[in-house]
Amino acid sequence: MRLRGIPQKKRSHILFLYFLSLLYLLSFSFSADAATPPDAPPVILIQDATVMTVSHGTIEHGSILIKDGKIAEVGQSIKAPAGAQVIDGSGQFVIPGIIDCHSHIAAEAINEGSVSVSSMVNMEEVLDPQDIDIYRDLAGGVTAANILHGSANSIGGQTVVIKLRWGQPASKLPFEGAMPGIKFALGENPKRSNFSIPGQPRRYPATRMGVEQTIRAAFSEARDYKKTWDDYNKRVAAGEKSLIPPRRDLKLEPLVEVLEGKRYVHSHCYREDEILMLLRVAKEFGFKVRTFQHVLEGYKIADELAAAGVGASTFSDWWAYKVEAYDAIPYNAALMTRRGVIVSINSDDAEEATHLNQEAAKSMKYGGLSHDEALKLVTLNPAMQLGIDKRVGTIDVGKDADLTIYNHDPLSAYAVVQKTLIDGRVYFDREKDVAHRAEIEKEKKALADKLKKAEQKPEEKKPEERPKPPAPAPTPTAQGEAGQGGAQ
Amino acid sequence: MRKKRASGPRSPLCLFNFLVLLGLVCAPAAGAQTQTPSVYAITHAKIFTLAGSPIEDGTLVIRDGKIRAVGTAVEVPGGAQVIDAKGLQVYPGLFDAVTQMGLSEISAVNSTVDTTETGNYNPDVVAATAIAPSSEHIPVTRASGITEVLAVPASGGFDSGGGRGTLGGQASAIHLAGWTIDEMLIKKSAAMVLKWPQIQTQTFDFATFSRKEKPYTEAKQEYDKQVNELNDWLDRARHYAQAMEKGSVSKYDRDLKLEALAPVVRGELPVLVFANRARDIRNAVAFCDKQKLKMILAGGEEAYKVKDLLRSKEVPVVLRPMLSLPPEEDDPYDRELTQPAELAAAGVKIAIASFDNSFARRLGQNTANAVAHGLSYEEALRAVTMNPAQIFGLGSQLGTLEQGKIANVIVTNGDPLELTTEVKYLFIKGQLTSLENKHHRLYEKYSNRPKPSAAN
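So the protein sequences, as listed, match chains A and B.
Residue numbering for the first sequence follows the numbering used here, starting at 1 and increasing by one per position.
Residue numbering for the second sequence follows the numbering used here, starting at 1 and increasing by one per position.
Hints may be right or wrong, so weigh each one.
Stretches of chain B that chain A covers, calculated by requiring three or more beta carbons in the stretch to come under 8 angstroms of a beta carbon on chain A [said to hold, decoys possible]: (1) 329-336; (2) 412-419.
The calculated DSS-like cross-link candidates involving lysine-lysine, where the alpha carbons are at most 30 angstroms apart (straight line), are [to be verified]: (3) A:Lys453 <-> B:Lys214; (4) B:Lys305 <-> A:Lys445; (5) B:Lys305 <-> A:Lys453; (6) B:Lys214 <-> A:Lys450; (7) B:Lys307 <-> A:Lys432; (8) A:Lys288 <-> B:Lys451; (9) B:Lys445 <-> A:Lys322; (10) B:Lys305 <-> A:Lys450; (11) B:Lys313 <-> A:Lys445; (12) B:Lys212 <-> A:Lys322; (13) A:Lys445 <-> B:Lys214; (14) B:Lys305 <-> A:Lys442; (15) B:Lys305 <-> A:Lys444; (16) B:Lys438 <-> A:Lys322; (17) B:Lys307 <-> A:Lys452; (18) A:Lys457 <-> B:Lys220; (19) A:Lys262 <-> A:Lys70; (20) A:Lys445 <-> B:Lys307; (21) A:Lys457 <-> B:Lys214; (22) B:Lys307 <-> A:Lys453; (23) A:Lys453 <-> B:Lys220; (24) B:Lys307 <-> A:Lys442; (25) B:Lys451 <-> A:Lys283; (26) B:Lys313 <-> A:Lys444; (27) A:Lys457 <-> B:Lys305; (28) B:Lys225 <-> A:Lys452; (29) B:Lys214 <-> A:Lys452; (30) B:Lys212 <-> A:Lys444; (31) B:Lys424 <-> B:Lys187; (32) B:Lys305 <-> A:Lys432; (33) A:Lys450 <-> B:Lys220; (34) B:Lys214 <-> A:Lys444; (35) B:Lys220 <-> A:Lys445; (36) B:Lys445 <-> A:Lys283; (37) B:Lys307 <-> A:Lys444.
No wet-lab data here; the hints were simulated from the structure.
The C-beta atom is built at its ideal place from N, Cα and C for all residues, glycine as well.
Please work from the sequences and hints to get the whole structure.
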């Protein structure tokens with residue numbers, strides 16, 4: 001389908017704005033909704049809890065003072081300042097909020113699978129702040145997630161790190177200042193081994209050889225493109241006038257950012273050979289791979305990963321769902337850790353994300369990681385991999401008050417999240433959630449009864465008017481436009 | 001050919017690896033099952049018989065594949081191999097009641113998958129026929145303390161047949177050890193699989209890779225047609241069974257499919273009905289009631305909505321993993337996690353199963369999560385031992401540690417449902433059985449990989 005140029009676009013924008021304002025007005029008529037962001041109390045004191053700082057051990061009967069969304073003090077006993085909201089943590093366990101280094105929640109679309117290089121598309125443009133999985137993962141203790149494009153392409157779309165600020169608009173989800181990323185993918189998925197469409201020819205690449213060349217070709221182009229711009233900028237700087245700037249290429253721009261170290265590469269991969277392949281290609285073109293994702297055979301080449309200084313973000317115990325996952329072992333995280341790789345455990349799945357604490361615990365059984373090492377797999381390590389460890393990942397003074405509170409040791413299958421805080425706001429409170437259920441049930445029943453009544457009187461039947469969730473605020477960036485024009 | 005039993009750690013490992021492996025691989029003497037129908041005595045253990053209160057400092061004696069004695073005042077027979085289990089705990093081995101064990105190796109590779117026959121009415125196919133005893137999934141699953149499973153045709157995976165109702169074939173109960181299927185078999189035909197048809201207004205067409213919409217009336221007609229077909233199959237099977245009883249079958253052509261359904265209509269073989277939504281469950285219960293079938297519900301995502309019906313009709317439920325998202329956006333986020341407690345409190349008999357192969361080892365984890373959301377610990381243990389055994393008519397042979405039962409026993413260093421607990425010894429049919437598997441082997445191999453030379 002082709003857009004008929006600007007007028008229609010404008011029309012749709014106007015309609016969209018109208019719709020938004022309507023929603024805004026409507027929102028006042030609704031009662032307190034689960035999707036209303038919580039208040040930001042200026043001062044919170046969590047008292048008498050087992051505080052697992054991850055950075056400097058565990059404090060029994062410890063306290064955490066939160067001021068203006070940041071951790072102001074951590075210690076044995078802190079006196080509640082006047083006006084502080086006190087959270088009684090007795091018998092409870094506080095850890096840094098869980099960070100999921102591989103997630104596909106909060107997105108309207110995942111895979112631009114039509115091309116082998118889809119670097120022009122950006123997950124930030126399709127963030128869906130009303131995806132219920134944000135709330136569910138929040139209830140599983142997750143406070144930040146790396147929202148990745150799918151793995152249908154050797155070079156996929158641009159990625160974004162978010163905080164799970166349920167109830168906030170799409171524009172408030174991105175983790176401020178976090179390095180943007182891009183998804184790469186190697187192996188069975190980009191070569192479409194398990195996804196043939198009858199009657200359609202196979203897309204290039206169809207082999208791991210072709211995947212390498214697809215990436216090399218893209219970076220050759222990106223290098224030339226960068227040179228064109230560098231030359232142009234040099235000439236402008238030298239005072240040349242009336243130069244025509246090179247035409248922007250929205251597919252290559254993010255790859256240039258990779259070459260310039262301004263965008264992280266997160267590469268989906270399974271087999272040892274393809275992992276080493278990408279490291280060679282990265283060396284050839286002078287860029288860095290930030291994380292290997294899944295990396296189920298990472299344990300076979302842990303030394304190479306450690307030497308390359310690349311992070312590994314893996315599953316706890318998934319295996320045998322395809323050939324490249326047949327040598328996956330639950331010892332992967334521990335073995336790589338022992339060889340000096342920074343490892344995280346991720347979800348790749350909205351449900352799996354609700355118990356990443358449990359998934360991390362498995363590395364104590366499989367490979368003998370310590371309690372702290374296991375906890376790091378879902379807190380500090382993913383923070384380091386995403387370059388946000390100055391802000392989150394441990395419980396230290398000055399860091400964001402992104403915290404998860406459990407009723408048991410979080411590295412147990414019996415632990416249940418009681419509260420999840422982001423920026424010092426309680427975004428999930430189990431007690432409130434449970435208390436709210438009767439109300440939701442009542443509302444649901446009232447609506448169902450109304451519908452039944454309407455059905456009994458067909459002459460009065462009117463089409464259901466259901467307000468759609470507000471779409472994410474449009475960000476008029478170059479990448480956004482390229483979404484329509486980029487397919488080759 | 002029998003291979004020599006695999007030995008324990010062989011190569012000189014570094015101390016760390018050795019210690020880790022020592023914790024995971026059972027005593028070096030216990031390789032793959034060997035033909036030594038030995039006498040074992042597990043002593044000084046805390047024994048959870050599930051037939052009464054836990055026994056402190058107890059002894060459990062195994063002889064000729066069976067539990068011979070369990071208690072505190074039990075004498076260790078002469079010649080018994082003694083396992084001093086001081087500080088350890090003894091439980092019945094776990095029973096995973098829905099898996100594709102041996103039927104599917106790599107789910108994405110069709111040539112390794114034998115779970116689902118084509119067509120909709122295959123009551124004659126039997127899981128045991130296609131179970132690969134050397135599947136890598138078996139030792140991996142065993143290492144998590146699971147000693148027996150049901151291999152269930154037409155269950156789970158991408159090939160599970162969508163929404164069409166099917167008579168999927170006969171599920172087989174097997175031990176997770178044995179050189180051949182005959183050595184593994186507990187019960188060749190433990191249940192008939194019935195995938196309950198769904199009223200589907202939305203389907204996905206793989207030929208065109210697109211979603212297809214259908215009006216409700218059309219979808220309902222299709223559903224009714226399938227239910228009628230199922231009724232017809234069972235009516236014919238009943239007539240066939242009557243003819244068999246009167247010895248008059250020889251007058252007709254032998255019909256293997258109807259013959260396979262005969263024990264179902266006689267109420268001898270339970271029907272394992274896969275259904276998730278409340279409406280489907282209600283319809284399935286009414287259908288089984290009318291056809292006088294012995295129903296076991298499998299899946300049961302919304303079983304809580306019909307718990308009173310399930311209790312009054314005495315339909316037990318094999319629940320799919322609790323670690324699942326709820327079906328509706330406005331369901332409580334922990335809807336699946338609280339369901340086991342809710343069903344148990346309503347008096348419904350529940351078992352918990354993995355519905356999978358590679359995630360079978362999460363059985364304990366799932367069950368513990370149900371405990372964290374209100375299920376009593378005792379009922380949780382029963383849901384993965386005694387209850388599935390009873391539900392599939394194996395209660396007199398398995399599921400508790402009582403004299404005379406098959407000695408499927410695990411010895412652990414803690415709660416078998418907890419993530420970090422290690423299984424130290426495992427007995428299947430009274431034989432000490434290896435805990436070694438593909439994952440240990442790869443771990444051992446790559447733990448010992450020398451550092452690559454600095455030249456690289």
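Hint by hint, here is what the structure shows:
{"no.": "1", "hint": "329-336", "in the structure": "holds (count 5)"}
{"no.": "2", "hint": "412-419", "in the structure": "holds (count 3)"}
{"no.": "3", "hint": "A:Lys453 <-> B:Lys214", "in the structure": "holds, 25 angstroms"}
{"no.": "4", "hint": "B:Lys305 <-> A:Lys445", "in the structure": "holds, 14 angstroms"}
{"no.": "5", "hint": "B:Lys305 <-> A:Lys453", "in the structure": "holds, 23 angstroms"}
{"no.": "6", "hint": "B:Lys214 <-> A:Lys450", "in the structure": "holds, 26 angstroms"}
{"no.": "7", "hint": "B:Lys307 <-> A:Lys432", "in the structure": "holds, 27 angstroms"}
{"no.": "8", "hint": "A:Lys288 <-> B:Lys451", "in the structure": "holds, 23 angstroms"}
{"no.": "9", "hint": "B:Lys445 <-> A:Lys322", "in the structure": "holds, 22 angstroms"}
{"no.": "10", "hint": "B:Lys305 <-> A:Lys450", "in the structure": "holds, 21 angstroms"}
{"no.": "11", "hint": "B:Lys313 <-> A:Lys445", "in the structure": "holds, 27 angstroms"}
{"no.": "12", "hint": "B:Lys212 <-> A:Lys322", "in the structure": "holds, 28 angstroms"}
{"no.": "13", "hint": "A:Lys445 <-> B:Lys214", "in the structure": "holds, 27 angstroms"}
{"no.": "14", "hint": "B:Lys305 <-> A:Lys442", "in the structure": "holds, 16 angstroms"}
{"no.": "15", "hint": "B:Lys305 <-> A:Lys444", "in the structure": "holds, 15 angstroms"}
{"no.": "16", "hint": "B:Lys438 <-> A:Lys322", "in the structure": "holds, 16 angstroms"}
{"no.": "17", "hint": "B:Lys307 <-> A:Lys452", "in the structure": "holds, 24 angstroms"}
{"no.": "18", "hint": "A:Lys457 <-> B:Lys220", "in the structure": "holds, 23 angstroms"}
{"no.": "19", "hint": "A:Lys262 <-> A:Lys70", "in the structure": "holds, 27 angstroms"}
{"no.": "20", "hint": "A:Lys445 <-> B:Lys307", "in the structure": "holds, 19 angstroms"}
{"no.": "21", "hint": "A:Lys457 <-> B:Lys214", "in the structure": "holds, 25 angstroms"}
{"no.": "22", "hint": "B:Lys307 <-> A:Lys453", "in the structure": "holds, 27 angstroms"}
{"no.": "23", "hint": "A:Lys453 <-> B:Lys220", "in the structure": "holds, 23 angstroms"}
{"no.": "24", "hint": "B:Lys307 <-> A:Lys442", "in the structure": "holds, 20 angstroms"}
{"no.": "25", "hint": "B:Lys451 <-> A:Lys283", "in the structure": "holds, 21 angstroms"}
{"no.": "26", "hint": "B:Lys313 <-> A:Lys444", "in the structure": "holds, 29 angstroms"}
{"no.": "27", "hint": "A:Lys457 <-> B:Lys305", "in the structure": "holds, 28 angstroms"}
{"no.": "28", "hint": "B:Lys225 <-> A:Lys452", "in the structure": "holds, 27 angstroms"}
{"no.": "29", "hint": "B:Lys214 <-> A:Lys452", "in the structure": "holds, 22 angstroms"}
{"no.": "30", "hint": "B:Lys212 <-> A:Lys444", "in the structure": "holds, 29 angstroms"}
{"no.": "31", "hint": "B:Lys424 <-> B:Lys187", "in the structure": "holds, 27 angstroms"}
{"no.": "32", "hint": "B:Lys305 <-> A:Lys432", "in the structure": "holds, 24 angstroms"}
{"no.": "33", "hint": "A:Lys450 <-> B:Lys220", "in the structure": "holds, 24 angstroms"}
{"no.": "34", "hint": "B:Lys214 <-> A:Lys444", "in the structure": "holds, 26 angstroms"}
{"no.": "35", "hint": "B:Lys220 <-> A:Lys445", "in the structure": "holds, 25 angstroms"}
{"no.": "36", "hint": "B:Lys445 <-> A:Lys283", "in the structure": "holds, 29 angstroms"}
{"no.": "37", "hint": "B:Lys307 <-> A:Lys444", "in the structure": "holds, 20 angstroms"}
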